[in-house]
Structure formats: C-alpha cells, structure tokens
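Going down the list, the sequences are from chains A and B. Heads up, the first sequence is in this note's numbering, so the first residue is 1 and it goes up one at a time. Heads up, the second sequence is in this note's numbering, so the first residue is 1001 and it goes up one at a time.
For the record, the hints were derived by calculation from the structure and aren't laboratory data. C-beta: ideal position from N, C-alpha, C; glycine also. Nothing false has been slipped in among the hints.
With the Cβ distance kept under 8 Å, some of the chain B side facing chain A (calculated, not the full set): (1) S1052; (2) A1074; (3) A1078; (4) V1103; (5) M1105; (6) R1146.
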Amino acid sequence: MELLLFDGFNGLIQGAFYALMALGLSLIISLNSVINFAHGGFMVVGAYLAFTLAPYIGFWPALFAGPILAGILGILVERTLVRSMYGRSDPIYSLLLTFGFALIIEDVVRTIWGAQGVPFEIPAALGSPVSTTYFFLTGYRLFVIAAIGLATIALFAFLRLSRFGIRIRAGILDLETVSALGVNVYLLRSVNFAIGTLLAGFAGVLAAGVLQLAPTMGDDVIMATFVAVVVGGIGSLFGSVLGGLLIGLAAGITTAYYPAASDVVIYVIMAVVLIVRPRGLLGQEGLFE
Amino acid sequence: MSATVLKIENVHTYYGKSHILHGVSMEVAEGEIVTLLGRNGAGKTTTLRSLSGLTPAREGRIEILGHDTTRWPAYKIARLGVGYVPEGRRIFPNLTVLENLAVPMTRPGYWSVDRVLELFPNLRERRDSWGRQLSGGEQEMLAIARALLVNPKLLLLDEPSQGLAPLLVHEVFRVVASMREQGISILLVEQNARFGLEVADRVYVLNDGQMIHSGPAQELAKDEVRVRALAGAGASEA
Ligand SMILES: Nc1ncnc2c1ncn2[C@@H]1O[C@H](COP(=O)(O)OP(=O)(O)OP(=O)(O)O)[C@@H](O)[C@H]1O
Ligand SMILES: [Mg+2]
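Given these sequences and hints, build the entire structure.
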C-alpha cells in the first residue's frame, strides 16, 4: 500500500509536470499553429538559466528569472524563425524547423554547461520530508505541486479575465476575425508563444529541483507532453491538464505493479483514446465549457 | 460633393491560383450607403475581404480615408476606422457575449460596450451566454455590435439579413439606416435585393468578378426585371 502511495504520488508529480508542459504546448499549437518540438528545449533553457543565476540572485528570484528568460527567448525565436512558418498549410515545415531548433538548444546547453548532469540546490527548508511515515512527501515535492497548481490557475484567470487572454481564446478559433477587429495578431501570436515557452521554463526550473539538470532532460518530457495534449484533445486547455495528470498517474501506478510497462502505458492510453474518441477527451469543445 | 471614404481601382484578387476579381472599381462617399449585389459566387465577399485586408488585392489600388491601404495588414485597416461584419457572422462560439465585445480594438468615439448594449437590448439580457448559444438574429446583432466598437467611419456588412426572419431583417434594416445619422458610411453586400436597394443611395452589381452595373439605388429598385437579370433569380425575393 505504501509503495502504491509512493508511486502514485510520484505519478501525480510527473503528471503535474506534463500538464504544465502540455498547457504551453497546447497554447502554441492552437494559436501559432506550430507543432513545437523545441518545447522541451525551452524547458531545459529555463532550468539552466535559473541554475546559473541562483548563486548570484538566490533561489526564489531565479525561480522566476529562468522562466522569464525562456519566455524572452521564445519571443526572439517566434519573431525570427517561427513567424516564417505562418501561412504554410503543411505542418512538416514547422515540425522540421522546431525539431532542428531542439537539437541546437541541446547542443548549445551541452557546450556551455557540460554533458554531465548537475544538481540544482533547493532551499534547505524545502528539502526535508514533512512526515516520517510518508518519507517521499518532501516539502519541495509539495511545493512543486502547489506551484504548478498556482501557475495553472493564474493562466486560466489570465485567459478568462484579461482582454489579451480573451483575444487569445478568440484567436484560437478564428484568428482572421480577430485581426479584422483591429487586433495586432502578430503581437498576439508572439506573446502567446512567449507564454508557452515561459511555462516550459517554469516546469524546467521546478523539475531541476526534483531530478537534476541534464541537457537531455527535455527529451524525456517532450514525448509525454505530446501524448498529454493528444489524450486531452488538441485545442482544449482543460484537456491538456487532464491528459497530463492522467498519463502521469497511470505511469506512476503502473510502476508500482509492473515497472517494465511504465514507459509504454502512456502510449497505450493514447492509442485507446484515439480509437474510442479520436478528438481526445475534451477536444474540439472549445475552451472553458 | 462630399469626401471619398473608399475608392478601389482595378482590383484583382486571387485565392491561390484562382483569379476571382477581374479589375473591380468602386467608390463610397462620406455618409453614403452603398449596396453591392450579385449572384452566388460573383465575388462580393472577396471584394470585402480585399478591402479589409484579409485577402489582399494582388493588383490595383485600394484607398480608404485617404490612405493607400492596398498592402496593409487587416488589423491596421480596422484601426483606421473600418468595421467588418463578416459573412456568417463569425461570432466567437467559445466566448460569452461580453467577451465577444472585448475582442475589438476600440478606437475612441461614440460607441462603447454600454452604448451597443443599449442599441441591442437583447444582447444585454444574454451578455453571459456563450456565443454558440445565440440565435441567428442575436449573432447578427452581436456581429454588428462588435464591429461598431471599432468606431468605424466605414462599415462593411456581408449579408446581414441572411437566414433571418422578416422581423429581424427589419431590425437590421433599422440599425443600418440609423448608422447614416452617425456619419458612418456603409458598404452592404446583400442577396436580399429589396432590402439592399431600399436602404442604399447607390448600388453596384458584380458578376464573375467584374462590375456590370452601377447607379442610383432608386432607379434599380423600380425595375425588378432588371434586378433579376443582373443579380440572379433569388435576388429580388425579400
Ligand atoms: N477560400 C477560397 N479559395 C478558393 N476559392 C474561393 C475561396 N472563397 C471563395 N472562392 C471562390 O471565389 C468566388 C467568389 O466567391 P465569393 O465568396 O466572393 O462570392 P460571393 O459573391 O460572396 O457569393 P455568395 O453570395 O455565395 O456569398 C467563388 O467562385 C468561390 O467559389
Ligand atoms: Mg459571399
């Protein structure tokens, strides 16, 4: 029972990461119409930048600085590379472009910070277990869940309450009409891409404290992130959250009973969902319903 | 002689390789209501899409409020003071009525969310309903309200009466006519020729991407046979 709790909790944390990554990826797929294979790369960049800055500015400021820098990098990439993909109906171009960019990020990170994994220091107050029975419930792990929960709520509040967020939701279904109403859709797409990469950077910093930093840490997450988006339903942000949590939990629980299958189970779930409900759990219902 | 709000000269527009508009020219003067008639597929929507920058003209020249907007992106044209009510309304189904009204970039001017809700009391009652829950009439009102929030000097309306019950057509008619008092110039695309000719000062008729008629609306309104010949069989039915 304790093992199941342990693996289940691990799965929940894993799922929370997938959900956060999937949210950003889903925003980018929906509004920028780009399948961003470099999403894992932005996660890595956010994590390493926070790692580099933390000794100078401290953990807490670095927790925000890393993601913000990942967001700024996102704007630069959108303006220079991704923008040239708009209007091309064949997704293969954006796929190749972002895939190439993901490889470049990985190599640059390896060149600057080395191929070896490095530990990311977290504040001592967060490091210790909060309970002796449930040794796996460290303060940091609870903090990660709370932080991801808050980030998710903040994103939904932004999309629901701010004018900019409302325009993003409108643009997801009909960008052309948004532009005909005087909204600078180029800016809208840039900022949206930046929000997506910022969320990836935030996931990266949080993940660095659970595991350790490695140039390949994005690779392990990106496939699961895509699975989460597909399972939840492309175009539905709630779906991305649901899909992420679902596959994370499923992988965790599978680990408790049959560890060898824990990597495969998420693809099995995806296959089943695609057969039973091709549009994904919440796909095409639009947002917020 | 009042100022020209819109002037298009010899416009050619394509969708990919298909050549749709073959040298279209027309004008709208300040405070004028101009109706554009034509059969299905004549190129009426394409003309409005060229004007609003959604499908830019490949050749020719479009001048709006004294600016050469031929190559401008759609959002800049809207900000110049062009309101667009697209064919099929294009309400955002995943947004509430109030959220739909939050999308446009509001230029300073008479129209505000409060004012458009005054103009369309139905929308005020339904302000928290999702766009997709609205009836056709409510969607049309919302599309007009949304375009008015741009505080347009020129309003482009693409078949606002389409699919509406006669009573609602009348309501749209009333609103369009009242825009004239606001000094808003209107370019109206209509299948419903009776409605289109009744409100308009002047009329153009498009066929196969070319203008085949232009003149005072009164003149054509009297000649139903001519309307039928120019704009198709369905055009004269109200
Ligand atoms: N996106 C598109 N791609 C290719 N061809 C198109 C596209 N949209 C319209 N067309 C073609 O362009 C021509 C003009 O279409 P348009 O929509 O401008 O006509 P319309 O006069 O508005 O007709 P309706 O009264 O049916 O709305 C038609 O032959 C149509 O098939
Ligand atoms: Mg049309």
